[in-house]
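So the sequences go chain by chain: Y and H. In terms of this note's numbering, the first sequence has 515 at position 197, counting the first letter as 1, and numbering is strictly consecutive. In terms of this note's numbering, the second sequence has 226 at position 220, counting the first letter as 1, and numbering is strictly consecutive.
There may be inaccurate statements among the hints.
To be verified - Examples of chain Y residues lying across from chain H (beta carbon under 8 Å, computed):
#, residue
1, Gly-374
2, Lys-376
3, Leu-419
4, Pro-423
5, Ala-438
6, Ser-555
7, Leu-559
8, Ala-561
9, Leu-567
10, Leu-602
11, Ala-607
What the hints assert, rightly or not - Listed next, the in silico SDA-like pairs over lysine to any residue satisfying Cα-Cα at most 25 Å (straight line):
#, chain 1, residue 1, chain 2, residue 2
12, H, Lys-118, Y, Ile-608
13, H, Lys-61, H, Phe-121
14, H, Lys-61, Y, Gly-598
To be clear, the hints were calculated from the coordinates, so they are not data collected in a lab. Ideal Cβ positions, reconstructed from N, Cα and C, are used throughout, including at glycine.
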Amino acid sequence: MNTSRFDAVFATLVLGAVILWFAPVGMGRYGTYVLSLWLVTAVAVMGLNLTLGVAGLKSLAQAAFMGIGAYATALLTTKAGIGWFPAFAISGALCFAVGLLLGFPALRVKAHYLAFVTLAFSTLVWLVLRNEQWLTGGVFGLSNIPRPVIFGIKTDNALPFHRFVVVVTLLLALVLWWLVRSPWGRAFLALRENPVRAASLGVNIRAYTLLAFAIGSAYAGFAGALYAPLVEFIDPSPFQLSASFFLLLMVVAGGSGYQLGPFVGALLGVVLPEWLRFTGGLYLIIFAAIVIGLLIACPQGVLGLLERGWAAVRRRPMGSNPPVKETA
Amino acid sequence: MAEFLAYLIAGLATGAIYALAAIGFTLVWQTSQTINFAQGEFVMLPAILILAAVKLAGLPVWAAAILGIAAFIALFGWGFKLVIVDPMIRHGVLPLAIATMALSIIMKEGAKDGFSAEAQRFPSLVPQETVSFLGISISLQHIAIIIVACLAIGALQWFVTRTKTGRQMQASAQNPNVALILGIPVAQMVMLTFLINAALAALASILISPIYLAKFSNGEVIGLFAFIAAIVGGFNQVRGALAGGLIVGVIDSLAAAYISTSYRLAVPLVLLVVIILIKPEGLFGRKEERGV
Numbered sequence: 319m320n321t322s323r324f325d326a327v328f329a330t331l332v333l334g335a336v337i338l339w340f341a342p343v344g345m346g347r348y349g350t351y352v353l354s355l356w357l358v359t360a361v362a363v364m365g366l367n368l369t370l371g372v373a374g375l376k377s378l379a380q381a382a383f384m385g386i387g388a389y390a391t392a393l394l395t396t397k398a399g400i401g402w403f404p405a406f407a408i409s410g411a412l413c414f415a416v417g418l419l420l421g422f423p424a425l426r427v428k429a430h431y432l433a434f435v436t437l438a439f440s441t442l443v444w445l446v447l448r449n450e451q452w453l454t455g456g457v458f459g460l461s462n463i464p465r466p467v468i469f470g471i472k473t474d475n476a477l478p479f480h481r482f483v484v485v486v487t488l489l490l491a492l493v494l495w496w497l498v499r500s501p502w503g504r505a506f507l508a509l510r511e512n513p514v515r516a517a518s519l520g521v522n523i524r525a526y527t528l529l530a531f532a533i534g535s536a537y538a539g540f541a542g543a544l545y546a547p548l549v550e551f552i553d554p555s556p557f558q559l560s561a562s563f564f565l566l567l568m569v570v571a572g573g574s575g576y577q578l579g580p581f582v583g584a585l586l587g588v589v590l591p592e593w594l595r596f597t598g599g600l601y602l603i604i605f606a607a608i609v610i611g612l613l614i615a616c617p618q619g620v621l622g623l624l625e626r627g628w629a630a631v632r633r634r635p636m637g638s639n640p641p642v643k644e645t646a
Numbered sequence: 007m008a009e010f011l012a013y014l015i016a017g018l019a020t021g022a023i024y025a026l027a028a029i030g031f032t033l034v035w036q037t038s039q040t041i042n043f044a045q046g047e048f049v050m051l052p053a054i055l056i057l058a059a060v061k062l063a064g065l066p067v068w069a070a071a072i073l074g075i076a077a078f079i080a081l082f083g084w085g086f087k088l089v090i091v092d093p094m095i096r097h098g099v100l101p102l103a104i105a106t107m108a109l110s111i112i113m114k115e116g117a118k119d120g121f122s123a124e125a126q127r128f129p130s131l132v133p134q135e136t137v138s139f140l141g142i143s144i145s146l147q148h149i150a151i152i153i154v155a156c157l158a159i160g161a162l163q164w165f166v167t168r169t170k171t172g173r174q175m176q177a178s179a180q181n182p183n184v185a186l187i188l189g190i191p192v193a194q195m196v197m198l199t200f201l202i203n204a205a206l207a208a209l210a211s212i213l214i215s216p217i218y219l220a221k222f223s224n225g226e227v228i229g230l231f232a233f234i235a236a237i238v239g240g241f242n243q244v245r246g247a248l249a250g251g252l253i254v255g256v257i258d259s260l261a262a263a264y265i266s267t268s269y270r271l272a273v274p275l276v277l278l279v280v281i282i283l284i285k286p287e288g289l290f291g292r293k294e295e296r297g298v
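For reference, chain H alone in the conformation it holds in the complex:
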């Protein structure tokens, strides 16, 4: 039982990180119909940028973190929207999705050739210790991840539902034409979701890299789990992406412990296929209307 709870907490911690990536993914999908196949690389890269700033420029960790995150948000929030999404969206959803695949190759190879092909240690915010609580040994890191991710998602939820800008953002996602007529700066709102996506990815990167180490190929698995989380939860819902992330994280952790380490990856994949078969709109999603 104690063992089970330990796996559960570890699963919730990684799940919270997948949720951050999945929420960014759904936000961008909602406002601009962009299916970002580079989402996993978005989570991989900020940690690499921070390490590069530490190793190559000799900055202290905190300064490198600020610089790395700022550079990442500028490049892959603002720049991504401006250079890739805007010119491409007029050609339709398909070329844009393919362009994000090309982008994922560039990011991955860029991190490998520009920084390192080896996994790098990444500094942790909290000590890597475990505490005993009611007979369960819990990693402090896992607890910190769950708390930070929950705070971030709570703040996002508050922003989206309680502030004027957040409501404008929602309106822009739901019906851009009407939002425009009502005087909402839709273009700025769409840009805002890209910035939020980049910020969530950067946060996920900082949280996950101390556990998995920073490596150029990390994005593959993280991206896969973020997609699965988004679809399992419901493609068009932020809270769905949150629930989906946690479910996928816990299932992955339990599958690794109790089923098979070599096939742990297969279990969430099977879950994905089952969800698509029986409830394609996701556990918490709404059915989308189909237009001509």
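Just chain Y, same shape as in the assembly:
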């Protein structure tokens, strides 16, 4: 594998963070909010990218995990009076643990059963969020979620909170960047490319697929922990099954398996609708149609398309292979 490409990823992440740190100056509250929402969504998509793009598993509960993280953070910071940082860690750990519990029975059987178990789980989470009013506030949701205070600096305004989101997103992206380059990451890739061969080479398939799914779910928990203080009010609707579908489409649109794919995918999913306001409600249809078109023309997504174009320009093959397509 070509390490220089990964260094390019690292450089892009850091440079992107610097640009995003300054980007919203003069953009106004709403513009800043959309940028922050883009990054928060990208964190959830990053996790799903690990589950789907790197380990090849379909999880249909990413939005539900995000909901668990958001509600955990909201409850801990409002009702239990715990600070944001421990709440953030607990949210991630909780989703990691639930991911292990959920993935263990499903992956025992066959990878595509995970899709159905997570589908069921998504619906169960939504039912609990809606019905357990004493805890979650039911359809009325939870409000007045505080924004964190870092070293005595309040992040109540849009700009400081945005900068806070930029830093957290960068850190989470770098952890994942490191993870994928580590021996564990290589094992994840081996699993996706050829599970049977990976097993014969001594990779414990079940342990690694389970781990990939649990880490991916933990990222959704982290995203939820950022989402709750960003919107300051949460109700069950953004964590429905259709939201999980939508996150999955963002992974594919950006380029499943590419480290920067989640940012491109979330950009298409979160920021593009703002530019397509004039189409009214048709936005979702346009996005879904773009994804289908991409899947037909180039299943590696926008980044795969760019890479292909770049290779054609340079008239020589790339040093590293783009993610190999699935065969089942």
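Assemble chain H onto chain Y, guided by the hints.
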């Protein structure tokens, strides 16, 4: 007891509808490895198309029904196979499954924006009355649904096992390579299963919409129950999907009556997880061999 029987019949009626959707789902899965996450929307849309033909084109109901169903089968049987499945299947099962999720969003949003965001009344084939039989009050609609669905599934079973085309279809599903060598037009057979799937979905749509009303978001629950039915019954069996549909329908109906209305949806979900834990190949399924 009378109450219990009434719930049982209501459950069998909705279960028969889930079975129609689940059978289409397994047929398409068997012949083309397509996991259709838009199956619920496939059941939602025909009713919307029919209502649109009535309201927008001013057609009488019977003509709208014929037109709506024909358009649906052309678009989501033939068109679905040609435009989405064929170009995508060479990339593997995963992109195709994700494409069907994108399709489900398009269908749902299309029905909402193109027709209506409100639930619409849908004309019923039979009068909405109840009859008393041995002290049980039974809805005529439920009886009609069970009869129609059973006839349709019986006819399908007869077609698949007793006719030459049906056997060719089965052969194409079981071993496409050998079927091709034997001179079976495999591509046409696969297309046939997509047409049958669309027809079953359209039938399910007509049967369920008078009860649940026609609404763009109906597909979510119907699709969920169809998946559960298919897995509970056995992913690779038509009769398994039938049994799975009926079981899920009855459990749902009884759970709503005796356990909790707010958590009725949770009971079939728990059933799904239990089945995956103890009998992952489904109640009636065969174990699938695993290839390298």
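Taking the hints in turn, this is what the structure says about them:
| no. | hint | verdict |
| --- | --- | --- |
| 1 | Gly-374 | holds, 7 Å |
| 2 | Lys-376 | holds, 7 Å |
| 3 | Leu-419 | violated, 11 Å |
| 4 | Pro-423 | holds, 5 Å |
| 5 | Ala-438 | holds, 4 Å |
| 6 | Ser-555 | violated, 12 Å |
| 7 | Leu-559 | holds, 7 Å |
| 8 | Ala-561 | violated, 11 Å |
| 9 | Leu-567 | holds, 6 Å |
| 10 | Leu-602 | holds, 5 Å |
| 11 | Ala-607 | holds, 6 Å |
| 12 | Lys-118(H) - Ile-608(Y) | holds, 19 Å |
| 13 | Lys-61(H) - Phe-121(H) | holds, 10 Å |
| 14 | Lys-61(H) - Gly-598(Y) | holds, 23 Å |
In summary, the numbered hints that this structure violates are 3, 6 and 8.
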